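**Q** Read off the chains here:
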Amino acid sequence: MTLAAESSPATAQPAALAVETPLRRFLSDYFESWVATAALALLAIIVLLAIVAPWIVPQNPYDLAQVDVMESRLPPGEKHSVSGYTYWLGTDGAGRDLLSAMLYGVRISLTVGVLSGLIAMAIGATVGLIAAYAGGRVESLIMRVVDLQLSFPAILLALMLIAILGKGVDKIIIALVTVQWAYYARTVRGTALVESRKEYVEAARCLGLSHNRILMRHILPNCLPPLIVVATVQTAHAIALEATLSFLGVGLPQTEPSLGLLISNGFEYMLSGKYWISFFPGILLLLTIMVINLVGDQLRDVLNPRLRR
Amino acid sequence: MAAFVLRRLMQSVVVVFVMSLIVFCGVHLIGDPVHLLINPQADQKDIEAAIRSLGLDKPIWQQYLHFIGGALSGDLGKSFIFGESALKVIVQRMPATLELALAATAMSVTLGIPLGLYAGLYPKSLASRTIMASSILGFSLPTFWVGLMLIMVFAVMLGWLPSTGRGETATWLGITSSLFTVNGWKHILLPALNLALLKISLVIRLTRAGAREAIHQDYIKFARAKGLSNRRIIGVHLLKNILIPVVTVLGLEFGNLVAFSVVTETIFAWPGMGKLLIGSIQSLDRPVIVAYLIIIVLMFVVINLVVDILYSVLDPRVRLGEKSA
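So the sequences go chain by chain: H and F. All residue numbers for the first sequence refer to the working numbering, where the first residue is 762 and numbers rise by one. All residue numbers for the second sequence refer to the working numbering, where the first residue is 591 and numbers rise by one.
The hints are simulated quantities; they were obtained by calculation from the structure and are not laboratory data. Keep in mind it's a predicted model, so treat the numbers as computed, not measured. Beta carbons: idealized from backbone N, C-alpha and C, even for Gly. Treat the hints with caution; some may be incorrect.
[Stated by the list, open to error] In silico SDA-like links for lysine to any residue, alpha-carbon gap of 20 Å or less:
1. H:Lys932 - F:Ile612
2. F:Lys830 - F:Ile805
3. H:Lys932 - F:Gln872
[As the list claims (entries may be wrong)] According to the in silico footprint, chain F covers these stretches of chain H (three or more CB under 8 Å from chain F):
4. 781-795
5. 956-966
6. 1046-1057
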């Protein structure tokens, strides 16, 4: 924050010379902080690597023809005995190239995190909008459920659902969505309450627009800024929660090895000093969560009208 | 006041009942425990006898009635794996978990308050910025990953502390705990630190915010004008006022701590309730899962109830707000 405030006069001037559109102002506000800029760049790199992972990894870690069990648990920098290929980050317990396994892992972690975040956002935003617009009994019932759910720790709720639903990718996503929707609902309801009392909504009502249209085309777009902030932070939470569940052995199945599962698989070798199998996937997980949080922090500062300079 | 407490109590009872219903019905949808618990080599007669003895042949609502009846008399069913009362299995492991949570709370207070106080009193110094940066790290690091790193550094590389299990226990004043032996302290240090990390960050932030706010208040200025020593102003006048929110939050977070011990206990092989829960989920030991969840729900409901009531005693606005809503 202080960094951003100090550098604002320097960067604000060129932006002011150009035609000031909301998007341009948003961008110039965002890139004021070099930490946030670096975080966004790093996030872009991680996402890109995750997307193109199948085409760039040196070894398909799940093709048994390419994996040699005899090469298991090699420390970083060892070479493949036949092809001479260097395992830059070593190999894991099954002889897979750790770098390749990690890129596949971050792909799965991000997919699960983002997918569950999007579904939770859709459900939560809808419920929150309904609560704010309907008011009365409906609102107090919905908000009671939200309050009740938010008073229990996310991990416990997720564990409870996993215990009920069993393992599997779809089950994990259901659990993550159930844990998260309440945050979105609370945020949207709060913002929508404020928005629905504003004059433009009154004007829209006077024009005789349908409830649907007012909700979706007028109120919802104005709820987007806080929603985006919550979405980034919640995605980071979802990724961390999925990793935790997978680490505990109640998350994703072994056929979908996310970063959490890789860390879990390496845990048994850690006590014998073979640290890298858990260490490197952990660093990647950490980096992913941190950059998403940093981007979210900056978005909150930029999108908050009260902090606008 | 009495009406408020009564209404709040009724709400809690409803919550517990609904949760027990959800949990029980949900858990019955998990796979078929018959296949998991009974030797597939056994003949049909033995399998049927086993189903009958576990009560799995009755309709689900009867099983629930049986369960609720048992729960009210303190019997939450028999563990499939241990062959003992599920409640007993959990209660046996409860002291280990509470001990861990208590140690973590103590750690977050002894580390968090001084660090937060420093950061609040000297916000511009390099040390304060480092403290605040690390507290952000404490929030975003996944607990299990920190636990692994603690094991790697302190147990594997340096070999200072043991990485798994609970140490020797000793009994003092009728309480059996590993906190009374040196060996026990060695064992609890790493898991407690792991569990406390998030709370340390939280306490640092609360204390810092409190200190920064309080330092400009009139009573501090007055104390300075009276010529009190800096140590007395900070140690007595400032700290007392900061402690109120810190204590409240720590009280509320105690349930959270117990819930999060699921992760820490699994990593450090700490023989508590959390590790039992993970094991039970993996082996589909339904009575233990149900009993654990009921106990945790009860704990949360009680903590929330107590805090709510305390607040309504301290702050009448809470009661009035409840009425108008």
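**Q** With reference to the structure, classify each hint as holding or not holding.
**A** Okay, the hints, checked on the actual structure:
Distance hint between Lys932 (chain H) and Ile612 (chain F) is fulfilled; the C-alpha atoms sit about 17 Å from each other, no more than 20 Å. For the hint linking Lys830 (chain F) to Ile805 (chain F), the alpha-carbon distance of about 12 Å falls within 20 Å, and the restraint holds. A C-alpha spacing of about 15 Å is found between Lys932 (chain H) and Gln872 (chain F), which places the hinted pair at or below 20 Å, so the restraint holds. Residues of the segment 781-795 of chain H with a Cβ under 8 Å from some Cβ of chain F number 0, which does not satisfy the need for three, so the listed coverage is violated.
Coverage of the segment 956-966 of chain H by chain F is violated. Counting CB-CB distances below 8 Å, 0 residues qualify, and the rule asks for three or more. Interface restraint, the segment 1046-1057 of chain H with chain F: holds (5 residues with C-beta to C-beta distance below 8 Å; minimum three).
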